[in-house]
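Trainee: Residues per chain are reported as follows:
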Amino acid sequence: NAGVTQTPKFRVLKTGQSMTLLCAQDMNHEYMYWYRQDPGMGLRLIHYSVGEGTTAKGEVPDGYNVSRLKKQNFLLGLESAAPSQTSVYFCASRTLAGGRQETQYFGPGTRLLVL
Amino acid sequence: KQEVTQIPAALSVPEGENLVLNCSFTDSAIYNLQWFRQDPGKGLTSLLLIQSSQREQTSGRLNASLDKSSGRSTLYIAASQPGDSATYLCPYNTDKLIFGTGTRLQVFP
Numbered sequence: 185n186a187g188v189t190q191t192p193k194f195r196v197l198k199t200g201q202s203m204t205l206l207c208a209q210d211m212n213h214e215y216m217y218w219y220r221q222d223p224g225m226g227l228r229l230i231h232y233s234v235g236e237g238t239t240a241k242g243e244v245p246d247g248y249n250v251s252r253l254k255k256q257n258f259l260l261g262l263e264s265a266a267p268s269q270t271s272v273y274f275c276a277s278r279t280l281a282g283g284r285q286e287t288q289y290f291g292p293g294t295r296l297l298v299l
Numbered sequence: 255k256q257e258v259t260q261i262p263a264a265l266s267v268p269e270g271e272n273l274v275l276n277c278s279f280t281d282s283a284i285y286n287l288q289w290f291r292q293d294p295g296k297g298l299t300s301l302l303l304i305q306s307s308q309r310e311q312t313s314g315r316l317n318a319s320l321d322k323s324s325g326r327s328t329l330y331i332a333a334s335q336p337g338d339s340a341t342y343l344c345p346y347n348t349d350k351l352i353f354g355t356g357t358r359l360q361v362f363p
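Here the protein sequences come in this chain order: A and B. Heads up: the first sequence begins at 185 in our numbering, then just goes up one per residue. Heads up: the second sequence begins at 255 in our numbering, then just goes up one per residue.
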């Protein structure tokens with residue numbers, strides 16, 4: 185049981201390049217989330233999904249797109265990377281059963297540097 | 255504005271001390287509050303989850319309390335150890351998690 189995994193662990197991009205971050209969970213969770221963590225700021229929600237085929241915007245969605253084609257995977261895309269997107273990205277998931285009382289499980293993070 | 259404030263921002267103590275980390279939040283209608291630890295370069299590990307109907311939760315040397323009316327939670331760490339060194343986060347849940355910047359704890363031998 186791997187929990188929540190993220191690929192890649194680290195990436196360097198040039199401004200304007202595109203990339204996709206992959207989050208996978210093997211806990212059959214319905215909800216999945218993407219956060220970013222920046223120095224001096226708390227984790228902020230980018231996008232989330234409440235089930236396969238659904239996505240919704242979080243607090244800071246601009247410049248990102250997401251897709252949830254399979255229940256176990258949640259992809260975060262940067263179409264044209266900007267230096268302001270340099271950050272550590274965390275994926276999380278939680279079960280629907282038990283409702284909002286349930287905890288979120290976090291992946292190890294992806295460090296992204298945009299030059 | 256939804257906000258979490260954690261005091262102190264950083265703390266350095268010798269091994270064996272009992273510690274209190276403070277967390278204050280702005281919403282009173284929360285589902286739960288959770289304490290996580292984050293090791294450098296790592297993800298978040300859940301320590302304790304306190305539901306809105308609960309006053310406290312305990313796990314080993316850790317005890318967390320929740321006072322919704324005052325918007326406060328505290329994490330008590332007994333007999334601290336160098337392995338407790340990490341950043342501690344206390345997001346609260348109002349259908350999404352609201353995070354503060356955490357308390358960075360260093361326990362030295």
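It is worth saying that the hints were derived from the structure and are not from the lab. Errors might be hidden in some of the hints.
Claimed, not checked - Once the Cα atoms are required to be at most 25 Å apart in a straight line, the calculated SDA-like pairs of lysine to any residue come out as:
(1) B/K350 x A/T199
(2) B/K350 x A/V244
(3) B/K322 x B/E257
Trainee: B/K350 and A/V244: Cα distance at most 25 Å?
Mentor: holds, 13 Å
Trainee: Is B/K322 within 25 Å of B/E257, Cα to Cα?
Mentor: Holds: B/K322 and B/E257 sit about 14 Å apart, inside 25 Å.
Trainee: Would you mind confirming whether the straight-line C-alpha gap from B/K350 to A/T199 stays at or under 25 Å?
Mentor: Outside the cut-off at roughly 31 Å; violated.
The structure fails hint 1 only (numbered hints given earlier).
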